[in-house]
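These protein sequence lines are chains A and B, in that order.
Just so you know, this note's numbering puts 138 at position 121 of the first sequence, and the rest follows in order with no gaps.
Just so you know, this note's numbering puts 503 at position 78 of the second sequence, and the rest follows in order with no gaps.
Treat the hints with care, as some may be off.
[Claimed, not checked] Straight-line distance between alpha carbons at most 30 Å, and here's what the computed DSSO-like set of lysine-lysine pairs gives: (1) B/Lys433 <-> B/Lys447; (2) B/Lys469 <-> A/Lys129; (3) A/Lys41 <-> B/Lys447; (4) B/Lys427 <-> A/Lys44; (5) A/Lys44 <-> A/Lys75; (6) A/Lys54 <-> A/Lys136; (7) A/Lys44 <-> B/Lys536; (8) A/Lys54 <-> A/Lys41; (9) B/Lys469 <-> A/Lys44; (10) B/Lys427 <-> A/Lys54; (11) A/Lys54 <-> A/Lys154; (12) B/Lys499 <-> A/Lys54; (13) B/Lys447 <-> A/Lys44; (14) A/Lys154 <-> B/Lys499; (15) A/Lys41 <-> B/Lys427; (16) A/Lys54 <-> A/Lys84; (17) B/Lys536 <-> B/Lys499; (18) B/Lys469 <-> A/Lys54; (19) B/Lys433 <-> A/Lys154; (20) B/Lys469 <-> A/Lys84; (21) B/Lys536 <-> A/Lys75; (22) A/Lys44 <-> A/Lys129; (23) B/Lys447 <-> B/Lys427; (24) A/Lys41 <-> B/Lys469; (25) A/Lys129 <-> B/Lys536.
These aren't lab readings, by the way, just hints derived from the structure by calculation.
Here's the letter readout for the chains.
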Amino acid sequence: MHFEYRVQGGDFVRAGQASSQVKKILKQLNVAPQIIKRVVVALYEGEVNIVAHAFQGKIYIDIETDKIRVILDDVGPGIPDIEMAMRPGFSTASPIVREMGFGAGMGLPNIKENTDRMKISSVVGVGTRLEFVVNLKE
Amino acid sequence: MKIEELVKAVEGNVVCCHENLKRDVELAFASDLMSDVLTVQVDKLVLLTGLANMQAVRTAEMSDLPAVIFVRNKTVSEDMIRLAEDNGIVLIESPYTLYRASGVLYTMGLKPVY
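Could you put together the complete structure from these sequences and hints?
Shown next as structure tokens:
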């Protein structure tokens with residue numbers, strides 16, 4: 018099954034809508050609640066990252082019988098130093114993002130924690146692509 | 426512990442999902458930092474927060490939290506209520522500070538995560 022969602026940079030009211038939809042789909046597919054939680058926490062962190070840092074983005078979801086593959090593609094400033102961005106506590110988030118309860122530099126490490134495979138690639142001034150896979154079978 | 430017991434203890438006003446007041450909670454986490462809440466991997470957790478916005482409810486949705494207590498008379502918006510209703514999350518407004526609400530619930534036996 019394939020799904021796509023658009024994400025608008027700066028729109029904190031709607032941030033999380035895509036993750037919410039995916040959660041409903043996984044529930045309908047009877048995926049174990051603990052695994053759904055891992056997927057949607059990682060996805061929500063990724064979605065919030067697009068809203069917080071990029072101009073716009075797209076989320077591509079592919080659900081197979083044994084795994085879910087997620088790609089978050091954004092048009093934005095990109096990440097100059099990915100290793101640094103992966104460090105817990107490192108963040109370039111604006112004060113507005115922090116007021117929303119994010120920007121503590123915990124997002125990417127938490128995505129890594131909740132997924133079975135994760136990859137980030139980025140071009141400064143162009144955008145960032147985050148890909149992750151979560152196994153759906155325990 | 427039932428959610429309705431927490432409501433009484435923090436002099437709370439339940440703004441949504443009265444039908445779930447009998448649900449059980451065992452642990453609590455107090456934070457305004459949603460990224461921090463999202464790192465917690467336990468069930469039956471109630472969130473205490475001063476952050477009254479959509480992202481607090483979204484975080485509760487993603488983390489499967491049964492209830493959120495908003496401290497210091499923070500008002501819950503219509504959008505937040507709608508989202509909580511969709512997911513059956515009990516939203517509670519309390520006049521207490523984060524410190525007082527946490528203290529009261531801790532004494533009642535609601536456990537910390539770490």
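Status of the hints after comparison with the structure:
The suggested pairing of B/Lys433 with B/Lys447 holds, with an alpha-carbon distance near 13 Å, which does not exceed 30 Å. In summary, the hint linking B/Lys469 to A/Lys129 is supported, as the alpha carbons are separated by about 24 Å, within the 30 Å threshold. At most 30 Å may separate the alpha-carbon atoms for a hinted pair to count; A/Lys41 and B/Lys447 meet this at roughly 24 Å. For the given pair, B/Lys427 sits about 25 Å from A/Lys44 by alpha-carbon distance, which is consistent with the 30 Å threshold.
Straight-line distance between C-alpha atoms of A/Lys44 and A/Lys75 comes to about 22 Å, which keeps the hinted pair within the 30 Å bound. A threshold of 30 Å between alpha carbons decides the hint, and for A/Lys54 with A/Lys136 the separation of about 20 Å falls inside it, so the pair holds. Taken as a hint, the A/Lys44 and B/Lys536 pair is honoured in the structure, with Cα atoms around 29 Å apart against an allowance of 30 Å. Note on A/Lys54 and A/Lys41: the hinted pairing holds, with a Cα-Cα distance of about 11 Å set against a maximum of 30 Å.
Of the pairs offered as hints, the one joining B/Lys469 and A/Lys44 holds, with about 19 Å between alpha carbons and a cut-off of 30 Å not exceeded. Distance check on the hinted pair: B/Lys427 and A/Lys54 sit about 23 Å apart at the alpha-carbon level, within 30 Å; holds. For the hint linking A/Lys54 to A/Lys154, the alpha-carbon distance of about 13 Å falls within 30 Å, and the restraint holds. With a CA separation close to 28 Å, the supplied pair B/Lys499 and A/Lys54 stays within the 30 Å bound.
With a CA separation close to 23 Å, the supplied pair B/Lys447 and A/Lys44 stays within the 30 Å bound. For the proposed pair A/Lys154 and B/Lys499, the alpha carbon gap of about 41 Å is over 30 Å, so the pair is violated. Distance hint between A/Lys41 and B/Lys427 is fulfilled; the C-alpha atoms sit about 26 Å from each other, no more than 30 Å. Restraint check for A/Lys54 and A/Lys84: the C-alpha separation of about 14 Å stays at or below 30 Å, so the hint holds.
For a cut-off of 30 Å, the pair hint linking B/Lys536 to B/Lys499 stands: about 24 Å separates their Cα positions. Taking the CA atoms of B/Lys469 and A/Lys54, the gap is near 13 Å; set against the 30 Å cutoff, the hint holds. Distance hint between B/Lys433 and A/Lys154 is unfulfilled; the C-alpha atoms sit about 41 Å from each other, more than 30 Å. Straight-line distance between C-alpha atoms of B/Lys469 and A/Lys84 comes to about 27 Å, which keeps the hinted pair within the 30 Å bound.
Distance hint between B/Lys536 and A/Lys75 is unfulfilled; the C-alpha atoms sit about 40 Å from each other, more than 30 Å. In summary, the hint linking A/Lys44 to A/Lys129 is supported, as the alpha carbons are separated by about 22 Å, within the 30 Å threshold. The straight-line distance between the Cα atoms of B/Lys447 and B/Lys427 is roughly 5 Å, inside the 30 Å bound, and the hint therefore holds. Proximity of A/Lys41 to B/Lys469 is assessed by CA-CA distance (about 20 Å); at most 30 Å being required, the pair is judged to hold.
Restraint check: the Cα-Cα separation between A/Lys129 and B/Lys536 comes to about 27 Å, which is no more than 30 Å; the hinted pair holds.
Hint compliance for this structure: hints 14, 19, 21 are broken, all remaining hints hold.
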